[in-house]
Each structure stands twice: as C-alpha cells, then as structure tokens.
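> The lines below spell out each chain.
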Amino acid sequence: MKRALIWLILILGTVVFLYPFLWMVSATFKPEMEIPSFGLLPSSITLASYEQVFAKIPILRSLLNSLVVSISITASVLFFGSMVGYALSRLRFRGREVMVMVILFTMMIPFQLTMIPLYILMVKLHWTDTYLALIVPGMMSGFGILLFRQFFKSVPQALIDAARMDGLSDLQILFRIIWPLSRPVLITVGIITFMNSWNDVLWPLIVIRDQSIMTMPQMVTIFAVSGMAEAQLGVKLAAATLLALPVIIAYAFFQRYFIESLASTGLKG
Amino acid sequence: MKVERKIAGNRSSRTGFLLSLPYWAWFAFFMAWPLLFSLVLVFHEWDIYTPMRWVGLGNFVRLFQDDLFWQAILNTLYFLVIHIPLQIGLALLFAVLLNEKIRARGFFRAAYFMPVVVSGIVISLLWQQLFSYENGILNLLLARAGLARIPWLTSPEWAMPSVALMATWKNVGLYIILFLAGLQNIPAWLYEAAGIDGATAWQKFRHITLPMLNPAVIMVLILSTIGGFSLFIEPYVLTGGGPMNRTLSAMLYIYKQAFYFNRMGYAATLGFFFAFIILAVVLVQRKVVEQEALE
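One line per chain: the protein sequences are S and V, in this order. Here our numbering = 1-based position in the first sequence + 13. Here our numbering = 1-based position in the second sequence + 3.
FYI, nobody ran anything at the bench for these hints, they're computed from the structure. There's no promise every hint is true.
[Claimed, not checked] To give an idea of the chain V side of the interface with chain S (calculated C-beta under 7 Å), a few residues:
(1) THR18
(2) PRO25
(3) MET34
(4) PRO37
(5) LEU83
(6) ILE85
(7) VAL120
(8) SER122
(9) ILE140
(10) LEU143
(11) ALA146
(12) GLU160
(13) TRP161
(14) ALA270
(15) GLY274
All residues carry an ideal CB built from backbone N, CA and C; glycine is no exception.
Extracted from the complex, chain S is given alone in its bound form:
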C-alpha cells in the first residue's frame, strides 16, 4: 500500500516534469490549429513551423555564434582557471593569500552591481557587436579556480616531486601530470561553464544588436518577443525546441555528470 502510493507520486512527478517537453516537441510538428490540445499525436505531421523559423531568422548562424562563444569561454576557464588553481594550491608566491580572499569577495558580488559599468566598458573599448564582448568578460571564473585549487590539493606531492626531478616545468607538470588525474573536476567546471554561457540571454541582449553576431538564445528571444513570429505558436515553439535540442541531447548522454556537477556546486557554492 505504502509502496504503491510512493510509486504513484513519483510517476505523477515524472509526468509533470517531462510531459510539457514532449508536448512542446510534438506541437512543433502539428498543424497550427491543433496545437491548443492536450494530446501528443497530430492528425498529420508537418514541418511548416521549422521551415518558417529557418526562413525568417538566421538560426544556424546564431547556433554557430553560440558554439564559438561557449567553446571559447569553456576552453579559457579550463586553461587559465587550472593554471591559477595550480599556482594557488601548489606554489608559494607573493599575494597568494590575498588572491584567495579577492576571489571569494568577487564571488559575492551580484551581477546587478557590475552590469551597467561593464556595459559602459564594452562601449568604450568598441567591443559592442563583436565576439570580444561576449567572450572576454567570461574568460575567468573565480568559482572554477577555487574548484581546481581544492582538487589539486589532493594530488600527492611525491608525484609532483618526481616529475620535477625529471626536469618537467610547472606548466608541463600541470598539463601532463595533473590534468590526466583531474577528469572529474575538469568535467564539472566544463559542464557548468558551458551551460551557463550557452543559456545566458541577458548579457548578449545588452551588448549585441547586430543580427549576425547574436547567440542562439538571444536570437530566439528576440524572434519570440519582437513579433517576428507573428503570434504563431508552432513557430515560437519550433525555435525553442531547436534551442533546447543540443542541451537535451548532451543531457541524455551525460546526465549523471550534469546532475553531479550541478549538485556539487550547489553544495560548495
């Protein structure tokens, strides 16, 4: 009896969390008239919604922009973040303790505070409507650095001493010895950085007005809000589905990593 009740609630929850996504995907294949209904199966399957999305906005171009931006940011956060994390955990240098405090301090600063001055900086540097505005401010992550520092502390000192005896430099030690041992933290920082950057809309809306530089979430937002979709539900949902697809596919394959990464940051952050 108790078991049955537990199952009932859990399955009800699954319907509540998953059905809207199924409904959304099925709606994009329905004729416009049939979208406002609860069912999933259309009387006939049509690709009209997708054809309109591709005809009206350069969605593939925006997909490419998003990939360039998110991959650059993720690569930079992994590369520079692990360098700084290595220095903080393994080397002695002037200002090390100050740096940890500064990083903790910056992590407490809400974006509301720096958003406007940061936009003005972009204007003054003439970076608006360029990839630079989308990428450069996101190239460092205090949070990533601290995760790397924490993880690198657990690497045995003997390993590093041995590598040093073999004449490896610090950078070689970091990338040849420590990186291969650090898959979990690299995956965690990588997934979180990529996801945050991929899903961000506010910053692109602020610094990009030129359609050819827009990221995919921004393009879809503007498409849906500006009236370009002409209040057609199917077309809006098709754009949303295209935007969700890469993340959902990645999630389907790596869901364990997604869940563990986000949960671990929730606990530590």
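Add chain V to chain S, keeping to what the hints say.
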C-alpha cells in the same frame, strides 16, 4: 641539497606569480574597474553619448521617491514568499520518497532534473503556451474538470504567482538532489537510537531529519533569493513586467532604465541598492537558519 631547495623555492615563487597574472588582469578590467566606476556613476546623470553631469545625491533622492523601485522590491518579495516554501516543500517530499529503496530511482532523478539544464528562455516560451488564457493546456485541463479558467498571466494578482510556479518547476530538481544527498548523509543509528527512546515518526523527522538538512535549506534560501532578484528572462518573455508592473523584477527594471531610457547613472544606482538588499537578505537568512538549528 639546501641550495637546491632554495633555488626550487625561488623558481616556484616566480612561476606562481606569473601564473596568477591572467587572473589579476581579468580582475582589474572586469571586476575592479566596474566596481569603482559604479561609485562614480551613482553620482552622475549620463546617457553615454553626451558628457556626464554631476547630480550629487540626486539619484538616491529619486530612487527613494520612485514607486517602481519599491514595486520591484515588493514583487520580488512576493515571488520569494511563494517560491521558497513551495520549493522546499516539494523538494523535501520527492527527496524523502526517492530515499526509499525503489527501482528506477536514477530515472526519476534524471526526469525531475531535466528542467534545470534547459535554458530559461525555452522554459518561458513553453510556459507562455501552458499559461495562455484561451488555449493554454492548464486552462484546458481546468475547463475539462469543470473549473473556472485562471487568468495566469493577464491578471495583476495571478501574474507573479504564475512566474513563481514556473520558476519552481524549473529549479526544484536541483534541490531534490541536494536534499537527497543530505538525507543519505544522515547516519542510520540516529534513527535507531531515537526509536529505542520511543520517538514517533514525526518527532524523528522534526528533530533528526530537518536539522540534518540544514545546509541544503540554507542553499535553497540563498540561491532562490539571488534568483528572485535576478529574474529577467521570465518576465521579459512572459509579461514584459506587466500587468500593472506586477511582475517588474529588479533586473528588468535596471535593464529598462539603462536601455530604454539611457539613464546609466540611475540604472547603476538601482543596481547598487539591489545588490545591497541581496547581501542583507542572504546574511539575515543565514543567521536565522543557523539559530534555528542550534535550538
């Protein structure tokens, strides 16, 4: 040997410094400068294109007399009052159920977590359809059950609760995982000892489970508060801040002042105040929750 160690020490100190330089460069440009410049901005009126005009405390005076500023704070508090209890309640329920020994636990976890990874703009576009008054799925369900339709996004009373409902649906998966991790960290002997002392199920829950979940509760409070003040894409897409400014969020208001009206000084002042409110609320919550745990 001693000489060697000294050389190694010197070398690592220089490399360490060099490796830390990229961070300092980033910090100087994208953190320190904006912070300092925001202190300049709050005393000026500026549209970026014409020269700055010093207004002294003008922006602060204006802010305290600005009905929309207070409205944005009220809206956010209203959002949090609905969002936080709903989230804690649901997360607790599902975490406790998932903590039982059942099959397909991994599947349920993954299903509840799905909205967490999907972009807020997708969620907003999807829920815009679910919330639609005439043809939305939610109202179709209500109508089929013989109930009255709800003006989810079109009435000033319902708009913010609707946004809170949607935000809960999107985020609760993360908290289910956090609560579940918390539950699994509670040693079984605590319950056994309490059972021997004759504690009821409710007493065990109240005096063992809840206190042990404290870190997870603090997490929900802090992340939800920051999230509430950072709501942007949801009202931007769903309501544009309306009806009657009832879903105008802190972030949306800063955005509107800066990019619809070109008031950079005032927008920065708003950002300044909202940031302090966030920090204050988070600190108070922390204190209160920690106090509760001690009692």
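> Find the hints from earlier in the document that the structure breaks and name them by number, from lowest to highest.
The structure breaks hints 5, 6, 11, 12 and 13; every other hint is satisfied.
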